[in-house]
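Asks: Start from the sequences, fold in the hints, and give me the full structure.
Numbers 1 to 452, taken from full-length UniProt numbering, label the letters of the sequence shown in order.
Worth flagging that the hints you see were computed from the coordinates, not collected in a lab. Note that the structure is a prediction, hence the values are computed from the model and not measured. Please note that the accuracy of each hint is not assured.
Listed next, the in silico PhoX-like pairs over lysine-lysine satisfying Cα-Cα at most 25 Å (straight line) [what the hints assert, rightly or not]:
id, residue 1, residue 2
1, K407, K361
2, K165, K193
3, K204, K193
4, K143, K72
5, K161, K75
6, K143, K161
7, K227, K165
8, K193, K147
9, K108, K143
10, K204, K227
11, K312, K375
12, K375, K401
13, K165, K361
14, K448, K361
15, K165, K204
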Amino acid sequence: MSKSHVSERTMAAAAVSAMLSEHLPLETALEQQIHQQSGTSPEMRGRAHEIVVGTIRHMALLEATLTRFMQKDLKAKHHYVRAVLLTALYQAQFMRTPIHSAVDEAVKLVKQQPRDHNLSGFVNAVLRRSTEVELSTTWSAVKDPLKRLATRYSHPLWLVKRWEKRLGMEATEARLAAANAQAPLTLRIHTPKVTVADYLAAAKQAEIEVTVCPEAEETLMLPQGAKVATLPGYSNGWFAVQDRAAQAVARLLAPQAGEAILDACAAPGGKSAHLVALGGAGVVITALDSAQQRLERMGENMARLGIRSQVKLRCADATQPIEGLFDRALVDAPCTGTGVIRRHPDIKWRRNPSGLAEVVKQQQQILQSVAAAVKPGGLLVYATCSLEPDENEQQVARFLKEHPQWKRLPLEAGMAGILPEWIDSAGDLRTEPATHGVDGFYAARLIKDANH
1 MSKSHVSERT MAAAAVSAML SEHLPLETAL EQQIHQQSGT SPEMRGRAHE IVVGTIRHMA
61 LLEATLTRFM QKDLKAKHHY VRAVLLTALY QAQFMRTPIH SAVDEAVKLV KQQPRDHNLS
121 GFVNAVLRRS TEVELSTTWS AVKDPLKRLA TRYSHPLWLV KRWEKRLGME ATEARLAAAN
181 AQAPLTLRIH TPKVTVADYL AAAKQAEIEV TVCPEAEETL MLPQGAKVAT LPGYSNGWFA
241 VQDRAAQAVA RLLAPQAGEA ILDACAAPGG KSAHLVALGG AGVVITALDS AQQRLERMGE
301 NMARLGIRSQ VKLRCADATQ PIEGLFDRAL VDAPCTGTGV IRRHPDIKWR RNPSGLAEVV
361 KQQQQILQSV AAAVKPGGLL VYATCSLEPD ENEQQVARFL KEHPQWKRLP LEAGMAGILP
421 EWIDSAGDLR TEPATHGVDG FYAARLIKDA NH
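Replies: Below you can see the structure in the form of structure tokens.
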């Protein structure tokens, strides 16, 4: 296709097709399209991102609606046609794109594909019918209550069943609805570069409305639709985009100048940067990650924030023995990410029960490895952005049972940067999007006996 015909719809359909056929993460698939299509404007890329995220967020409902009007199933090889149908239906149903525009563009896209051009009539017929119905007529016709929830909120049935078994129907539906909501834009003002007062003044001058969050003055909420790249100080490293709950995790470690600090699963570096900001000029963080490419990008982020010299990057597998001893260590463990589905909707389609078991084993290995690298009397914070007990309290309980030299150090109401409602009955950090309006995070503080 010539570059003159490139549009946000072209990019979105191609990205979704790559996700379906190659099982790529959403951001990777979209970045590939942006790279291949030079000369696209920021506005076009933004609209393509909106289409892709929305399509993946509501994919099961869109797919079920399309299927109602198909006389035959699409063969598995027709990933691109499927992607065109999904993105066009999303635009018509959720973005209020005129039906004729969405349908006509979809037909054109299919006609331009040598392998699929004979399906253009099929695409036209299916879309004209599916764009005219209320989506509620699709999910309301599903008789099984759990399958109905899975269809309405576009989540895999295994995950809906898992949540309902533990939470019940009402709380499960609330969690599903929260996972489908658009996440707010939250900033952490990078105080080594700019004071909160100066940033608020710059935002006011730019006529940008911001809200200071109750748990910390450096945490700011922005209105829906705010564009990160247009905010004051974007290119100067004045802020990092980071959810309120994610910011709370670094605060639990409370780094002090002169201590040896480890961030064991560091990339892309948001928490390492926060640890530097919390500890001040005398803090140096050893940041581990198993992928050199991720570390290189993290180094660029640290340079933008002006703290590159305070972050030592080390390419290492945290499941293996770690060189050195540390006063404090953060394990922001790899996880299923079920607490951040609202930000990364492709997560729900890229996870399965066997994958959950694998990540639990990986977390266990990392926790044991990092714990061995903590000095006697040292502190370890274990955290995930998962809502699953297997990855959170059960993981910590198993570790404490097997390592009696470690004890839980419960969080207390009144801790700086932590709201009381974020602390559970065991004294751990636990946030729920449906209840607290922040990303779903879990964190436990563990302290090592001074005599071991």
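Asks: When you check the alpha-carbon spacing of K227 and K165, does it fall within 25 Å?
Replies: Violated, because 39 Å separates the two Cα atoms, which is more than 25 Å.
Asks: Given the hinted pair K165 and K193, is their Cα-Cα distance within 25 Å?
Replies: Status violated; Cα separation ~47 Å.
Asks: Does the alpha-carbon distance linking K204 and K227 stay inside the 25 Å limit?
Replies: Status holds; Cα separation ~16 Å.
Asks: Given the proposed pairing of K108 with K143, does the C-alpha separation stay at or below 25 Å?
Replies: Given that 25 Å is the threshold and the Cα spacing comes to 37 Å, the pair is violated.
Asks: Regarding the pair K204 and K193, is the alpha-carbon distance no greater than 25 Å?
Replies: Roughly 18 Å separates the two Cα atoms, so the pair holds.
Asks: Quickly compare the C-alpha distance for K143 and K72 to 25 Å and report which way the hint goes.
Replies: Satisfied, since the Cα-Cα distance of roughly 23 Å is no more than 25 Å.
Asks: Do the alpha carbons of K165 and K204 lie within 25 Å of each other, as the hint requires?
Replies: violated, 48 Å
Asks: Does K361 sit within 25 Å of K448, going by the straight-line distance between their CA atoms?
Replies: holds, 22 Å
Asks: Please verify whether K407 and K361 have alpha carbons no more than 25 Å apart.
Replies: holds, 21 Å
Asks: Just to be careful, I want the Cα atoms of K375 and K401 compared with a cutoff of 25 Å; is the pair within it?
Replies: holds, 19 Å
Asks: Given the hint that K312 pairs with K375, test it: the Cα-Cα distance must not exceed 25 Å.
Replies: Roughly 19 Å separates the two Cα atoms, so the pair holds.
Asks: Compare the distance between the alpha carbons of K165 and K361 with 25 Å, and conclude whether the hinted pair is satisfied.
Replies: Measuring from Cα to Cα gives roughly 23 Å; hence the hint holds.
Checked against the numbered hints given earlier, this structure breaks hints 2, 5, 7, 8, 9, 15; the rest are met.
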